[in-house]
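Model the full assembly from the supplied sequences, consistent with the hints where possible.
There are 2 protein chains.
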Amino acid sequence: MIRHTVLFRLRHDAGSEAEAAFLENALALANIPGVTNFAQLRVLDAEDFDYAFSMDFADQVAYDGYNGHPDHTAFVADRWVPEVAAFREIDYTPLG
Amino acid sequence: MIRHTVLFRLRHDAGSEAEAAFLENALALANIPGVTNFAQLRVLDAEDFDYAFSMDFADQVAYDGYNGHPDHTAFVADRWVPEVAAFREIDYTPLG
Numbered sequence: 021m022i023r024h025t026v027l028f029r030l031r032h033d034a035g036s037e038a039e040a041a042f043l044e045n046a047l048a049l050a051n052i053p054g055v056t057n058f059a060q061l062r063v064l065d066a067e068d069f070d071y072a073f074s075m076d077f078a079d080q081v082a083y084d085g086y087n088g089h090p091d092h093t094a095f096v097a098d099r100w101v102p103e104v105a106a107f108r109e110i111d112y113t114p115l116g
Numbered sequence: 021m022i023r024h025t026v027l028f029r030l031r032h033d034a035g036s037e038a039e040a041a042f043l044e045n046a047l048a049l050a051n052i053p054g055v056t057n058f059a060q061l062r063v064l065d066a067e068d069f070d071y072a073f074s075m076d077f078a079d080q081v082a083y084d085g086y087n088g089h090p091d092h093t094a095f096v097a098d099r100w101v102p103e104v105a106a107f108r109e110i111d112y113t114p115l116g
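Going down the list, the sequences are from chains C and V. Each residue of the first sequence is one higher than the one before, starting from 21 at the first, in the numbering used here. Each residue of the second sequence is one higher than the one before, starting from 21 at the first, in the numbering used here.
It is worth saying that the hints were derived from the structure and are not from the lab. Hints are all accurate, no fakes.
Stretch-level coverage of chain V by chain C, calculated; a stretch enters the list once three of its residues show a Cβ under 8 Å from a Cβ in chain C:
| hint | stretch |
| --- | --- |
| 1 | 21-30 |
| 2 | 63-74 |
| 3 | 102-115 |
Just a few of them, taken from the derived set where beta-carbon distance is under 7 Å, the chain C residues facing chain V:
| hint | residue |
| --- | --- |
| 4 | 60 |
| 5 | 61 |
| 6 | 63 |
| 7 | 64 |
| 8 | 112 |
It should be emphasised that the depicted structure is a prediction, and the values quoted were computed from it without experimental measurement. We put the CB at the ideal spot given by N, CA and C, even for glycine.
This is the structure in C-alpha cells:
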C-alpha cells in the first residue's frame, strides 16, 4: 500500500467561495480508479500549508494509473496549477 | 478526529540494529490510551525524513492525554531526543 498525501496552500482567501469551489471540485479525485480512503484534511498549526489530500493506492501500478488518468491530469492543469500557491507531496508505505 | 503524524530521521544507519530497536520500542506508543490507527511508515522519495508515525485521536482531550502520558514522555526523553536527528510534526483534522 502507498499512502499519497499532498499538503498545499491556495491562492484564495480563507473562507472564500473560490476556496470552497476548489475543494468541492477536488472531491471528484476520489472517483478515479485505484483511489481508496480519499480524505480532505485541514492542516493544523502549520505556517506553510492549510490543507491536505490523502489517498491510498494498493500498489505503484494503481498510483501510476491515477497519475496518468485524464481526470487527474485535467484537474492538475485546470485547477491545481492556477489555484495552488505552494504544495508538498509526501508519500508513505507501511513498515514491516 | 485529529490525525497526528511525525516525520523523522534517525541518527542511526539505515538497516542498523539500533534503528530496528528504536522502531520496535516505539510500537508501545500504540498502547497508550486514546491512540487509534497507530502506524509506522516509511517516507518515500523525501530527502529530509525516512520514517513517520501516524495515529488518530478522537479529540483534543485524547491527544492531550497521550502527550502527557508517562509512557509517552518517557519515550520522548529516553529514545526520541537522543536518537532522532530531525523531525516535523504535521497534524490534520478532516474537512467538512
